[in-house]
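J.: Those sequence lines, one after another, are chains W and H. 1 is the number of the first residue of the first sequence in this note's numbering; add one for each residue after it. 116 is the number of the first residue of the second sequence in this note's numbering; add one for each residue after it.
Calculated directly from the structure, the hints in this document are not laboratory data. Ideal Cβ positions, reconstructed from N, Cα and C, are used throughout, including at glycine. Take these hints with a grain of salt, some might be off.
[Claimed, not checked] From chain W, some residues computed to sit far from chain H (all C-beta separations above 10 Å): (1) 32; (2) 35; (3) 37; (4) 39; (5) 43; (6) 57; (7) 60; (8) 65; (9) 73; (10) 97; (11) 106.
[Claimed, not checked] List time: in silico DSS-like cross-link candidates among lysine-lysine, alpha-carbon distance up to 30 Å: (12) H:318 with H:331; (13) W:92 with H:148; (14) W:3 with H:169.
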Amino acid sequence: MLKVAVMGDWDSIYGFGALGMDTFRFDEMNAQTAGKQLEQLFHSGYGVVYITEWLAERIPREIESCRSVPGKTVVLIPGISGNTGDGIRNVKRTVEQAVGSDILFGGSDNGNDDR
Amino acid sequence: MAGTTVNPTRMELTRLKNKLNTARRGHKLLKDKRDELMRQFLIMVRENMELRRKVEAGITAANRQFAMSKSSMSEEAVRVAFMAPRQEVQLAEGDRNIMSVEIPVYTLKTRTPDKNDIYSYGLAFTSGDLDDAVRELAEVMPDMVRLAEVEKSCQLMASEIEKTRRRVNALEHVMIPEMEENIRYITMKLDENERSTQARLMKVKDMMLENAHHYKEREEEYAEEEMKAEALTEAEEQAGR
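So here's chain H without its partners, still in its complex pose (with noise of 0.2 Å):
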């Protein structure tokens, strides 16, 4: 591999193949966890748009409505009005894990039972519109409280969909093919070794035997012998004639 050193050695080699495994169960793993978020994330992204434009129209109207309340009552009046809330919310806050993913789950819990409570004002000096604004804004409310739940949890979704897609292209498209190819580089290396010392050692075979037995020499001999024996029998037949 180009820019890298790897040591064709066995023990590397080994090493290698067991981390490509690990890799692919993690590729794998990767994969199925990132199609999840994807699936869950598409079903509560449509939630979140439904809602929010739900939330939006409401909000829309009562802020329509305490228009029309402020025009039949002066400034100091509406501010007065809403000087002292009666009521107060606050959230219970769970958890649920999607995929490992935490999303918080809000539960809205009002400090009085009592509905009215959010009327804060007495009914002398203020406009029936604002009441009905105060009304439509109350109504929205539970809206208002899924909408933060579902739009963070699709954000928190979001940014782990996008670090798993990035966990697994770069699994899928550079680890893998890099080990993959030392470990062809490092196969290829001890094959190449391997038949290099199988032919040394032929080498070394021919060599030790050569020694043991003098295959050379003898066949010097041999030949040695061959000739005088031709010569002999040419002489022989040259006598003979």
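Chain W with its partners taken away, still in its complex shape (with noise of 0.2 Å):
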């Protein structure tokens, strides 16, 4: 069984809390530790880590490093200031990873397809 954890801004997680989610908060003082925690966290029986945007911007290196390991499920989620696009943006980076460049959801920012 894996547990699931969600970090960012307390404004924006408490609410997973109720759902019965683990919640870790970060603020600007901390946010730098969240790298450690997140490798923490999968070392320790969590296998999805949600995490806001915001949270995201701040350690992108440790996000990059999980994304092509099996088992280190990362996925960004909007926080409580709004969506700034970097969910949306990742996907778009997976199909230009897979395909070359992006012919699915390509140019158009907000990932309307334009098909």
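Put the complex together from the two separate chains, hints included.
T.: Below, the structure written as structure tokens:
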């Protein structure tokens, strides 16, 4: 059984706590330690970590290193301050990686399908 | 081939030919793998994008609701309300194999089956907006789990596709042409050797025949005899006159 964690600023994540996910709060002061925390989580039985786009922006290297590793699922979610579009951009990057260029959602930044 | 040295031997030729066959077969297989992976990936990435949009919209709406509820409650009250969650979620992890890429399959398991366990607070000191917010978030949760599953699958498949594409390209544009070039080089070298051996053998045969039958000496003898005969006939003709 895998545990589920949510990382981000308190305002964005406390609701997930009620649903039964484990919340880990970070603010501007300790955002840099989030990378280490992320690694630790994966080593202590967590399989999926939801992380707010705001926090993800601060630890891009750690998130990148989890990308192609099976068992380390990091999913970006919008925070209380709104949607930065990083999640959608991530999906586009995946398409670019696989196809060579973004032929599916190309151009439109909000990810609207241009078919 | 420039930069590499190839032994122009038959053994090397056979080895290279076998290697080329394997490379061709591998190339075909990898190409098929890449195509199928790509097909599956495109289906999955569309779902990924759809789910992501849905989840983001859901979470944003829930967040808005949370903000609303906070406006009618004190910060402390909210914190107290969420201090001791009653529900607990875990994921049962399975896996599915798509063209040798192991992709995760998550099944959501809650600690208690009661849907109302997500409200971890008494209703006396909290606003109704908070309930709505939590409910909205709970409604998004199955999609969130599915999103995690699909997004990870897409990432894993994308990196596998990238790897496979590199391999296919390396085989198609580097390995196979190089081997063909080497095989051509060896064949030509061997043919050349063959021809020079044949020429040498013909020469040797001539020499051996010469040694055995002394053709040249005989020819000289014939020539001498002929000259003598001619001289004789000439002398007779003169005498006849």
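J.: Of the numbered hints stated earlier in the document, which are not met by this structure?
T.: 9 and 10
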